[in-house]
Structure formats: structure tokens, C-alpha cells
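S.K.: Single-letter residue listing:
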Amino acid sequence: GESVGLHLPTLSVQEGDNSIINCAYSNSASDYFIWYKQESGKGPQFIIDIRSNMDKRQGQRVTVLLNKTVKHLSLQIAATQPGDSAVYFCAENTGRRALTFGSGTRLQVQP
Amino acid sequence: SQTIHQWPATLVQPVGSPLSLECTVEGTSNPNLYWYRQAAGRGLQLLFYSVGIGQISSEVPQNLSASRPQDRQFILSSKKLLLSDSGFYLCAWNSYTNEKLFFGSGTQLSVL
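If you read the sequences in order, they're chains A and B. Quick note on the numbering used here: the first sequence kicks off at 1 and runs consecutively. Quick note on the numbering used here: the second sequence kicks off at 1001 and runs consecutively.
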């Protein structure tokens, strides 16, 4: 079936570097995408979202890029900090009422 | 502002015992409500969602059930827990006009 997946299960970066977390989706009908951050033992927290009529959206230190041609979504974190260490999930709205989530990428920030 | 409450935070239950997890939302009316389960180191699996009182949709056949007795209350239940029911259970809500999900703090369930 169609699903959302991630290229890298774990990403390790140095503090201060930029991080890029990737996500592939297969449902071409998806019109809304969202990134969540989940710290250990906590519920996911919203980071940033983007609709399919856009290819880029920026927030505070974060940027989401959407490439509909290759069905690829990425989250860029600028000047990564230790507090950014967490698991990051992408999710898509396939037209159903609930979001479909990927399996997640663990970001480890080395001091 | 809207808030979502989920309890308990942790729960240890023996196999075969019943389960009741509760979730409430404040500051909004007629929310869509969701139960997700997360196995250790894995993604989120949708279990149930509800668009109104008494309206429950089940995503996967399982040992669990859900109920929505009030507009902003969502309950996850089981009559007899299995070992495979262990996991991190998350309640979430959104509105009809906004797909963004807001999650509760989760319940870590261990079935022994």
C-alpha cells in the first residue's frame, strides 16, 4: 500500500551544523505534509507544515522543502543545538481524516 | 487556548486485565479525536478516530475498543489485555478545518 517512509533511521550531527532529515512519500494525492518532533517519553510536537501548492516554507531555524516530482519531503534545521536531539516524523494527509506517519528519524546532536 | 489531557502517564497491567485510558480536550468544540499506538522505536499507528459523539472508526482489527461518550472525551478500552498491547498510546485532536494534529503526553502501557 501507499505509505510515508524515511531514508535514514539515525542522523548524527555536530552542534552548530545544519541538519537535513528526508522523507519519501508515495501517495501523489497527498495535499498536506507536516513534521513533528518527539522527545523521549513525550507526545509529538508540531514543527512545521506545508501544503502541496508550495515547495518551500520557513520557520524559526527550520525549513521544509517539498518536491512533488520525486515525492520527497525534507526538514532542514539550521545551527543544530543539543535540544534538537529527538525523533522526527513526517506525516501526510492522504485525503482521509487522519494523518499517515512515517517511521521516524532519530537526530543525535554531538557537542 | 486548547489543551489536551491524557492519563495515566504510565500503567503496568497483567495479561488478561481490563484497560481504560482517558483523553479530554479543552478549549474547543466538536474536535476530531484520535488514538494512536507507538511501539518502541517505531512510528505511529492509527487505532481509532472519531468525528463526533458515539461515532468511532476503527483502523485495525485488534483487542481494543474506543468510545466517545462526550464531545471532548475519548476513551480507549480493552476487556482483556494481551502482551502485544504493550506500547505508547497517544491521544490527539484536530479540527474539521485544520489537519494539524495536537497530541497528548501519552500513556506508556506495559502488559506483563
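You may find that some hints are simply not true.
Chain A regions said to be covered by chain B (calculated; three or more residues, Cβ under 8 Å) [stated by the list, open to error]:
1. 39-46
2. 101-110
Far from chain B, by Cβ distances over 10 Å, these chain A residues were calculated [what the hints assert, rightly or not]:
3. I20
4. R57
5. T63
6. N67
Lysine to aspartate or glutamate pairs mimicking EDC-like chemistry, simulated, CA-CA at most 16 Å apart [stated by the list, open to error]:
7. A:K68 / A:D55
8. B:K1100 / A:D31
9. B:K1100 / A:D84
10. A:K71 / A:E39
11. A:K68 / A:D49
12. A:K42 / A:E15
These are calculated hints, taken from the structure and not from any lab test. Yeah, the Cβ is synthetic: ideal placement off N, Cα and C, and Gly gets one too.
S.K.: Does each hint hold? Answer for all of them.
M.R.: Evaluation of the provided hints:
{"no.": "1", "hint": "39-46", "result": "holds (count 6)"}
{"no.": "2", "hint": "101-110", "result": "holds (count 4)"}
{"no.": "3", "hint": "I20", "result": "20 Å, holds"}
{"no.": "4", "hint": "R57", "result": "13 Å, holds"}
{"no.": "5", "hint": "T63", "result": "18 Å, holds"}
{"no.": "6", "hint": "N67", "result": "20 Å, holds"}
{"no.": "7", "hint": "A:K68 / A:D55", "result": "8 Å, holds"}
{"no.": "8", "hint": "B:K1100 / A:D31", "result": "13 Å, holds"}
{"no.": "9", "hint": "B:K1100 / A:D84", "result": "21 Å, violated"}
{"no.": "10", "hint": "A:K71 / A:E39", "result": "27 Å, violated"}
{"no.": "11", "hint": "A:K68 / A:D49", "result": "15 Å, holds"}
{"no.": "12", "hint": "A:K42 / A:E15", "result": "23 Å, violated"}
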